[in-house]
Structure formats: C-alpha cells, structure tokens
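Protein sequences appear in the order of chains A and B. Each residue of the first sequence is one higher than the one before, starting from 1 at the first, in the working numbering. Each residue of the second sequence is one higher than the one before, starting from 1 at the first, in the working numbering.
A hint or two may mislead.
Because identical chains cannot be distinguished in the list, a pair is counted as satisfied if it fits within a single copy or across any two copies.
[What the hints assert, rightly or not] With a cut-off of at most 30 Å between alpha-carbon atoms, the simulated BS3-like pairs for lysine-lysine come out as follows:
#, residue 1, residue 2
1, K356, K241
2, K286, K356
3, K312, K301
4, K358, K241
None of these hints come from the bench; they were simulated from the model. Values in this document were obtained by computation on a predicted structure and should not be read as measured data.
2 protein chains.
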Amino acid sequence: MQEDFHSRLVRPCKRAGRGFEHGMGNGARNQGTRKSPRHCMGCRRNRQGADDKDSRKKSRRRGFKIEAPAGAAGGKMALILVRYGELALKSHKVRRIFENALAANIRTMLGSAGIRAKVWPEFGRVYVRTEGIEGGGGDNVTTALRRVFGITSISTVTETTAAPADIMAAALSASKTLTKEKSFAVRCKRTGNHEYSSQQLAAQVGDAINNATGARVDLDSPDFEISIDVRDKKAFVFTEKIRCAGGMPLGTQGKVVARLQNENDVVAAWLIMKRGAETIAAGNSKYFEPLVAWGLNYSIKVETLSYADLEKLALENGADAIVTGETLDELEELEKTSLPILRPLVGMSEERIAAKAKSIISGGI
Amino acid sequence: MQEDFHSRLVRPCKRAGRGFEHGMGNGARNQGTRKSPRHCMGCRRNRQGADDKDSRKKSRRRGFKIEAPAGAAGGKMALILVRYGELALKSHKVRRIFENALAANIRTMLGSAGIRAKVWPEFGRVYVRTEGIEGGGGDNVTTALRRVFGITSISTVTETTAAPADIMAAALSASKTLTKEKSFAVRCKRTGNHEYSSQQLAAQVGDAINNATGARVDLDSPDFEISIDVRDKKAFVFTEKIRCAGGMPLGTQGKVVARLQNENDVVAAWLIMKRGAETIAAGNSKYFEPLVAWGLNYSIKVETLSYADLEKLALENGADAIVTGETLDELEELEKTSLPILRPLVGMSEERIAAKAKSIISGGI
Numbered sequence: 001m002q003e004d005f006h007s008r009l010v011r012p013c014k015r016a017g018r019g020f021e022h023g024m025g026n027g028a029r030n031q032g033t034r035k036s037p038r039h040c041m042g043c044r045r046n047r048q049g050a051d052d053k054d055s056r057k058k059s060r061r062r063g064f065k066i067e068a069p070a071g072a073a074g075g076k077m078a079l080i081l082v083r084y085g086e087l088a089l090k091s092h093k094v095r096r097i098f099e100n101a102l103a104a105n106i107r108t109m110l111g112s113a114g115i116r117a118k119v120w121p122e123f124g125r126v127y128v129r130t131e132g133i134e135g136g137g138g139d140n141v142t143t144a145l146r147r148v149f150g151i152t153s154i155s156t157v158t159e160t161t162a163a164p165a166d167i168m169a170a171a172l173s174a175s176k177t178l179t180k181e182k183s184f185a186v187r188c189k190r191t192g193n194h195e196y197s198s199q200q201l202a203a204q205v206g207d208a209i210n211n212a213t214g215a216r217v218d219l220d221s222p223d224f225e226i227s228i229d230v231r232d233k234k235a236f237v238f239t240e241k242i243r244c245a246g247g248m249p250l251g252t253q254g255k256v257v258a259r260l261q262n263e264n265d266v267v268a269a270w271l272i273m274k275r276g277a278e279t280i281a282a283g284n285s286k287y288f289e290p291l292v293a294w295g296l297n298y299s300i301k302v303e304t305l306s307y308a309d310l311e312k313l314a315l316e317n318g319a320d321a322i323v324t325g326e327t328l329d330e331l332e333e334l335e336k337t338s339l340p341i342l343r344p345l346v347g348m349s350e351e352r353i354a355a356k357a358k359s360i361i362s363g364g365i
Numbered sequence: 001m002q003e004d005f006h007s008r009l010v011r012p013c014k015r016a017g018r019g020f021e022h023g024m025g026n027g028a029r030n031q032g033t034r035k036s037p038r039h040c041m042g043c044r045r046n047r048q049g050a051d052d053k054d055s056r057k058k059s060r061r062r063g064f065k066i067e068a069p070a071g072a073a074g075g076k077m078a079l080i081l082v083r084y085g086e087l088a089l090k091s092h093k094v095r096r097i098f099e100n101a102l103a104a105n106i107r108t109m110l111g112s113a114g115i116r117a118k119v120w121p122e123f124g125r126v127y128v129r130t131e132g133i134e135g136g137g138g139d140n141v142t143t144a145l146r147r148v149f150g151i152t153s154i155s156t157v158t159e160t161t162a163a164p165a166d167i168m169a170a171a172l173s174a175s176k177t178l179t180k181e182k183s184f185a186v187r188c189k190r191t192g193n194h195e196y197s198s199q200q201l202a203a204q205v206g207d208a209i210n211n212a213t214g215a216r217v218d219l220d221s222p223d224f225e226i227s228i229d230v231r232d233k234k235a236f237v238f239t240e241k242i243r244c245a246g247g248m249p250l251g252t253q254g255k256v257v258a259r260l261q262n263e264n265d266v267v268a269a270w271l272i273m274k275r276g277a278e279t280i281a282a283g284n285s286k287y288f289e290p291l292v293a294w295g296l297n298y299s300i301k302v303e304t305l306s307y308a309d310l311e312k313l314a315l316e317n318g319a320d321a322i323v324t325g326e327t328l329d330e331l332e333e334l335e336k337t338s339l340p341i342l343r344p345l346v347g348m349s350e351e352r353i354a355a356k357a358k359s360i361i362s363g364g365i
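For reference, chain A alone in the conformation it holds in the complex:
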C-alpha cells in the first residue's frame, strides 16, 4: 500500500473525534423527532486549527472587520468578491468558522494554481485580491475559484469609497462598452448609514450612464447590468456574476474515507466533498485526479478494497464514515462495519449519475 500526502487544505483539529457533541448543522426541522443525540462528524469548533488562530483573534478584537491587506508588489491588481450560500439560518459563530475555512481553502486552491493572492473575509463575503487578473491570468483565477466548494458566485469588482461621485466614476468606467443601441439597468444594495437611499443612488448613476453613452434604461430585461454594493464606507461596482459550485467548504463537515474503484465512486466522493467533508480517497489512482482538481488532498493507492479494508483505513485516519458509489440495484453484500456507509447515489437516476461522472472526469466545472 503506497501513500500520497498532498498538502492538506485545512489542518485537522486535535480535539476532533467521533461523538464530540457540539454540532454545526442546522437540523431544526428534525429536532423534535430525534431520539439519539446528534453527533458532529469530527470537531468543527476549531476546525481551522492553528493557521487561522491569529486572524480569529484579530477579528474578535475588531468586531470581525479585518482591514484589506496591502496587495503583493508588482503586476496589475484585481479584486474579486466571493459569495457563499447555505448559511441563512446559521449562527454568527458558525458563519465565522465557515468563512475562515472558505478563505483558507481559496488560498490553497489559488496557491496550487500558482496565483499570488490575498484572501480575507469581510462584510459577510470573502474578498480575493490577485495580481494580473486583467493581464491574461483572469481565466485561471476564475477556474480555480469555481472549483472551491462553498462559493456560490464570484464577481470581479472595482472598489471605491461610498461617496456618490466615486461610485459614479467607477460605474461610468465599467459601462464604457455600452452604446446607444443597448439597454442597461443599475442595481444597488446598501448596508450602513449614508446620505442617499439605494434607489436614489441607482437613479443618479443610471442618469449619468444614459447621458454618457446614450444607452436606454430597461429594468426588466437589460442587455447589461451594473451592480453597486455599498457597505459602510466602501462601495463595490461590478458587471458580471459567475456561478460557482456551491456546497460547503471542505473540512467543515467531518472526515470520510471514500472508495474510488469506479466512475460511480468518483461521483459519490465528489458529492460528499461538496457537502464539506474532508475526504480521504482510497483505491485506483486514476480516479483521484478529477477530485484533486476540486481540492482532494489525501489519497491512498490500493488495488482492491473490501468494506473491512475501508473501515480499517477510516479508523486509522480518524474518519467518521465510509463513502461508496453503490446504486440501489447493485448493493454489495453487507459486511458488518462499525462506521456508517454513505451511498449518496442510491436516490439518483442512472442518467444523472452518468452525466455527473462525465462532467467530473472530463474536468468540467
């Protein structure tokens, strides 16, 4: 049995262990009917480990507003706004853990792609400041970020102060490709105290763009959208929103061992990684590569694997469950295991599994 150790996205917490009873999940809908206590899959409280200790301390001191770091020297800088989802009902504390894990995973993913960047959570978003995104490296950054689980969408933004004149200048610059044949809309969101409402700002910016370009306003189905996010003393202007994978950041939902012996297993592991579980891949190395592109950082090459082998690996590595790509019409004979076996494909159609397998294995996003 050979072992491959990639750099780990999120360091495991020393307190991690099965049965540790503080959970991260929002299971409110089911609580009334639960018999046994929920156990969290590994310790989530301090999931980021030592890496983010300093940033957490800092964020506590400053009420969770970390100042944007100065960019790395040289090259054209670009600022990317990263949106995440699935946290509507989570507590402030859980959001913070999630944001820090997401920021750490973004740093690792950009690092693997050779992209220098500063990454920090702020205003309920995560911001990425890279070099050279406008100099041809933009596609690489986008590709890397689209493969970070937990991100729902990204936008390259122009940062200004919250002063209307500055916002106007940025919006005019962003809409300079507009011509009088085109239609456009200005969308504005605002958080904090300002001398203007978001409607007033949108109307003012809309007038200015109309005067400058001759393009007409169409709020229902515009050819072009200019979005303005005003957050306290800052504002962000952007024109494009790129959809990403969604899900939860790797490392925020416990640890699993995933069997990788066929294409279905790849789909199963991918789905569980997307739910945020730190994943140890075990099996045929040709199936590791598609998942490494999505942040898989620990894999074990091995020829054949029984449930007993998988269980041994899981217990050795402190994993809480085993993942396989079995479907309903091909369940293996059950060998008793002391860990739950997760089979995320049992409720999916063959067509959907095959399409997903094709997309993941061909390196699609």
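Take the given structure of chain A and dock chain B to it, following the hints.
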C-alpha cells in the same frame, strides 16, 4: 403497533429473497471493478407474479404485440400514450418486465382515482384508454399518471391507420384551433414499412394544415406542434406532451423499509420509491399521506423507531434495506444492523432537500 394494509401495487414474487443472483440493473460501467457478486434486491425475474401471467403468455405468442382491447362501454373514450425512460441499455426481457410492472401500477393508480381504463404495453410504449377524458375527467387522469413512477411523459393521442389520408384528417382535426397569425411545425417519426418517408409525410401534412388554416410553418420555434408517430399499420397524432415524474416503476427494484419520522425521511422514501423499490413506510402516519399519493401501499404506524426496530420490521417483511432521511451533519449514532442503511440525502444540499420536502408534502407533482 397498528398495521395498515393497502392493496399492493405489484404482488411479491414467491421466489424473492436476498442474495438471489439474477440482476435487472445495468451496471456495466462498474463490472470490471466489482469484487463480490451483485445481488438483486428481491427477485425481479417474475416480479409481476400471477397478475400478468396471462398477458405475458399472450405477448410471447404474438411476438409482444398485444392488440388494443375494446374499450369499456359508455362515455367518450380517450387514448393516452405513455412514454417511459431509463431503459436504453436494458435487455428485451428486462424491458418487458418493466413495461408489465408499469402497466400494473398505472391500472392501480387509475383505479384508486376511480377512473375506468384499459392499459396495455405495445410498440415500446404503454397505452391507456380511458372513459371521459374529454368530458372533464382529463385532469384527474393526468394527475394520476403524473404520480406513477417510471413514466417520463404522456400525450393524449388520436389513433388512425397508417394511411396518409387518415393521418391527414386526424392532423387537420387536431390543428383546428390554429389561425393565420400562428406558426406551427409537423414532427413525424416512423417505424415499419410504408410507401412514404417521415419527411414526405410531414411535408404533405404541413401543406394541408397551411392551406386549411393559413398558419405558417416554423420548424425552429413554432407556436404549435403536431406530432405524428407511425408504428407499422397504426399512426398516433398528438399536440401536447406532459412531463411526468420519471424514475423506475414501483416494485422493480427490491423492497425496503423506510423510516418516516420527519420531513427529511419523506424525501428519502420518495427518492427510493422513485428508484423503483417497493416501500414499507414505518413511523408517524401524518407522513404517510404524501407518499400514498405516489403509490405507497404498505405502512406501519409506530411512535418511535430505533435502527433495531427498523431492522426487525425489515426482516419480518422480507425487505432488503432500511431507508432514512439523515443528512451528513446529523448522522445518528450507529447501531449495528444486518441490513444496509440507505441515506439518499447525504449528498444533497439543505436547500434542495427543503424544496423537495415542500413539494412532496404539499402534494405537488
């Protein structure tokens, strides 16, 4: 513990049992990597039991072309073409088992809705001849058929001979609502030997409709579509295709016991029913009703359920697996069971599960 026995959709086969080694599934993609033999979840070979014995014999005698039965007396008749999916790679034999199970389930579902109908498989489709679909009962028939797993879409059709004149008359009658302001397209599929090609027929019918109504032909994005399916000596003309649930017919993929203690459990059971497993629901009766609408026919009311209780029920009822709606962040402490536990929600996002739960519980389709 009270027991509810509904009429069963498909009678269990006497030869059913775990470990019986003829499978129905198409697991070709994974065969090379399989260690233990695939076991089929219950006997699928004779899944229809005695009910369809006669029709199977008949179909063998006639090379699987069962003549359309004469309709029940009285009332306006309507013929519905039922399409099914997920069988592209299956053998002829498996398709036959699937078609017979689907026909039996359609009969039961229409019967429960108080709709008299003849149902028979023919030409790789299933046909339903009902009374009164045009007299106001059409919506009931559609609602009932949209809740039969295995059906991908349905169309109310006009049946004619394969003679061009007959097809033309049916197509003209079906397009009588067309006006000269509208555009239309004629789509034609043909199986068997005829004196015309499908292109020739479509062009001829298109000309006739254009002459009669003044509507113009638009093959790319027509307002109205007239479809013609020519199958040997018959032809079917229709203008609407209603999307249905898809999946596999209940009873073609083994038997499971599903825990029904919360909304997530309902979603999990629904997904496994959609994969074709005959399902025994156990738990809180308020969660049974949404699934009864989808053909759930066996349920056991019980206050609280441990894995051990579920296992006992499963073994008593000859089920091959246990289904629960657990998600990744709320796995129960594992109690050892001798049966696989299926958790189809582990790979799904909270949003998707909640949306699915809302749709199923509100009786949506």
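We went through each hint and held it up to the structure:
In this homomeric assembly, K356 and K241 come within 30 Å of each other (Cα to Cα) both inside a single copy, at 24 Å, and across copies, at 27 Å. Taking the shortest alpha-carbon separations for K286 and K356, only the intra-copy value of 17 Å comes in at or below 30 Å, while the best inter-copy value is 35 Å. Taking CA atoms no more than 30 Å apart as the test, K312 paired with K301 passes inside one copy only; the shortest distance there is 15 Å, against 39 Å between copies. With identical chains, the CA atoms of K358 and K241 are at most 30 Å apart both within one copy (26 Å) and between copies (29 Å).
Every hint, counting from the list given before, is met by this structure.
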